[in-house]
Amino acid sequence: MKRKSLTSYMTMTTIAALAAVTAGVASAVDTTALDTQVGATLDKFCAMSDKNRDLVQNAAAVLVFPDITKGGIGVGGEHGDGALQEGGKTVGYYSISGASIGLTLGLSRHSEVIVFKTPEARDKLLHGGNWSIGGDASVAVAKKGAGGAYDTETINKPVNAFIFGEKGLMGDASLQGAKIRKIS
Numbered sequence: 000m001k002r003k004s005l006t007s008y009m010t011m012t013t014i015a016a017l018a019a020v021t022a023g024v025a026s027a028v029d030t031t032a033l034d035t036q037v038g039a040t041l042d043k044f045c046a047m048s049d050k051n052r053d054l055v056q057n058a059a060a061v062l063v064f065p066d067i068t069k070g071g072i073g074v075g076g077e078h079g080d081g082a083l084q085e086g087g088k089t090v091g092y093y094s095i096s097g098a099s100i101g102l103t104l105g106l107s108r109h110s111e112v113i114v115f116k117t118p119e120a121r122d123k124l125l126h127g128g129n130w131s132i133g134g135d136a137s138v139a140v141a142k143k144g145a146g147g148a149y150d151t152e153t154i155n156k157p158v159n160a161f162i163f164g165e166k167g168l169m170g171d172a173s174l175q176g177a178k179i180r181k182i183s
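Heads up: the sequence shown runs through residues 0 to 183, numbered per numbering that gives the first Met the number 0.
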């Protein structure tokens, strides 16, 4: 009994600590530095494939998270800050955060580019409060990353999400359950 209580206490403490860290990080965004990182990430994404460049040029909006850190020991968390661009100009800043409980071990970093191909898809993000990729059936996560071939199911969805530039010791780079919210 005592072991279960200790485990529950440690789990709840870790979740509370992750929530406090992500809230603190989200409020201290250096938008000038973030804009520079977003531009470099988009350049890297477009250089991976001509299809990527076409997607970005024809998108209603593109949400770019240059650096998402994900880690945990038993209890995991992830956080990153990014910018929403329309027509190559930043129109808002967003954060992505999530937590998980399970067999989590390690630390990794990656970039994400989310392409909103229609104004209606973009408006779901703009007017939907906290938006979750894993909870929206109209979102396709490219299974082979940003440089891979797209399948028909992926390319026909109104929102395409790409994960690339994975570094670290955690193999999981999933978008499931991550919440996206506007920070400014």
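There could be a bad hint or two in this list.
[What the hints assert, rightly or not] Straight-line alpha carbon distances no greater than 27 Å define the calculated DSS-like cross-link-like pairs of lysine-lysine that follow:
| no. | residue 1 | residue 2 |
| --- | --- | --- |
| 1 | 156 | 123 |
| 2 | 116 | 50 |
| 3 | 156 | 43 |
| 4 | 123 | 166 |
| 5 | 116 | 43 |
| 6 | 166 | 43 |
| 7 | 50 | 123 |
| 8 | 116 | 88 |
| 9 | 181 | 156 |
| 10 | 88 | 156 |
| 11 | 156 | 178 |
| 12 | 116 | 178 |
| 13 | 178 | 43 |
| 14 | 178 | 166 |
| 15 | 181 | 88 |
| 16 | 181 | 43 |
| 17 | 123 | 88 |
| 18 | 43 | 88 |
| 19 | 123 | 178 |
| 20 | 116 | 181 |
| 21 | 50 | 156 |
[As the list claims (entries may be wrong)] What follows is a list of derived Cβ distance ranges for each label pair:
| no. | residue 1 | residue 2 | range |
| --- | --- | --- | --- |
| 22 | 129 | 38 | 34 to 40 Å |
| 23 | 72 | 52 | 36 to 42 Å |
| 24 | 168 | 91 | 31 to 37 Å |
| 25 | 168 | 86 | 35 to 41 Å |
| 26 | 56 | 100 | 38 to 44 Å |
| 27 | 166 | 88 | 25 to 31 Å |
| 28 | 43 | 90 | 30 to 36 Å |
Hints in this document: simulated from the structure, not taken from any laboratory. By construction, the Cβ of each residue, glycine as well, lies at the ideal position given by its N, Cα and C atoms.
Hint by hint, here is what the structure shows:
Taking the CA atoms of residue 156 and residue 123, the gap is near 14 Å; set against the 27 Å cutoff, the hint holds. Distance hint between residue 116 and residue 50 is fulfilled; the C-alpha atoms sit about 13 Å from each other, no more than 27 Å. Distance hint between residue 156 and residue 43 is fulfilled; the C-alpha atoms sit about 23 Å from each other, no more than 27 Å. As the CA atoms of residue 123 and residue 166 are separated by approximately 31 Å, the hinted pair breaks the 27 Å bound.
Under the criterion of a C-alpha separation no larger than 27 Å, the hint pairing residue 116 with residue 43 is consistent with the structure, at around 20 Å. Only pairs whose Cα atoms come within 27 Å are accepted, and residue 166 paired with residue 43 is accepted, the gap being roughly 15 Å. With a C-alpha separation of about 24 Å, the suggested pairing of residue 50 with residue 123 holds against the 27 Å cut-off. Restraint check for residue 116 and residue 88: the C-alpha separation of about 16 Å stays at or below 27 Å, so the hint holds.
This hinted pair checks out: residue 181 and residue 156 have alpha carbons roughly 23 Å apart, not beyond 27 Å. Under the criterion of a C-alpha separation no larger than 27 Å, the hint pairing residue 88 with residue 156 is consistent with the structure, at around 24 Å. For the given pair, residue 156 sits about 20 Å from residue 178 by alpha-carbon distance, which is consistent with the 27 Å threshold. The straight-line distance between the Cα atoms of residue 116 and residue 178 is roughly 20 Å, inside the 27 Å bound, and the hint therefore holds.
A C-alpha spacing of about 24 Å is found between residue 178 and residue 43, which places the hinted pair at or below 27 Å, so the restraint holds. The straight-line distance between the Cα atoms of residue 178 and residue 166 is roughly 22 Å, inside the 27 Å bound, and the hint therefore holds. Proximity of residue 181 to residue 88 is assessed by CA-CA distance (about 16 Å); at most 27 Å being required, the pair is judged to hold. Note on residue 181 and residue 43: the hinted pairing holds, with a Cα-Cα distance of about 24 Å set against a maximum of 27 Å.
Of the pairs offered as hints, the one joining residue 123 and residue 88 holds, with about 19 Å between alpha carbons and a cut-off of 27 Å not exceeded. The straight-line distance between the Cα atoms of residue 43 and residue 88 is roughly 17 Å, inside the 27 Å bound, and the hint therefore holds. Distance check on the hinted pair: residue 123 and residue 178 sit about 13 Å apart at the alpha-carbon level, within 27 Å; holds. Pair hint residue 116 plus residue 181 holds up; C-alpha atoms about 19 Å apart against a cutoff of 27 Å.
Using a Cα cut-off of 27 Å, the hinted pair residue 50 and residue 156 holds, with the two alpha carbons roughly 15 Å apart. A hinted range of 34 to 40 Å for the beta carbons of residue 129 and residue 38 is inconsistent with their spacing of about 26 Å. Against the hinted window of 36 to 42 Å, the Cβ-Cβ separation of residue 72 and residue 52 comes to about 39 Å, which satisfies the hint. One distance hint, 31 to 37 Å for the beta-carbon pair residue 168 and residue 91, holds here, with the actual separation near 33 Å.
Checked against the hint of 35 to 41 Å, the pair residue 168 and residue 86 passes, with Cβ atoms roughly 38 Å apart. The supplied range of 38 to 44 Å is met by residue 56 and residue 100, whose beta-carbon atoms lie about 40 Å from each other. Our hint of 25 to 31 Å for residue 166 and residue 88 holds, since their Cβ atoms are close to 29 Å apart. Taken as a hint, the range 30 to 36 Å is violated for the pair residue 43 and residue 90, whose Cβ atoms sit roughly 21 Å apart.
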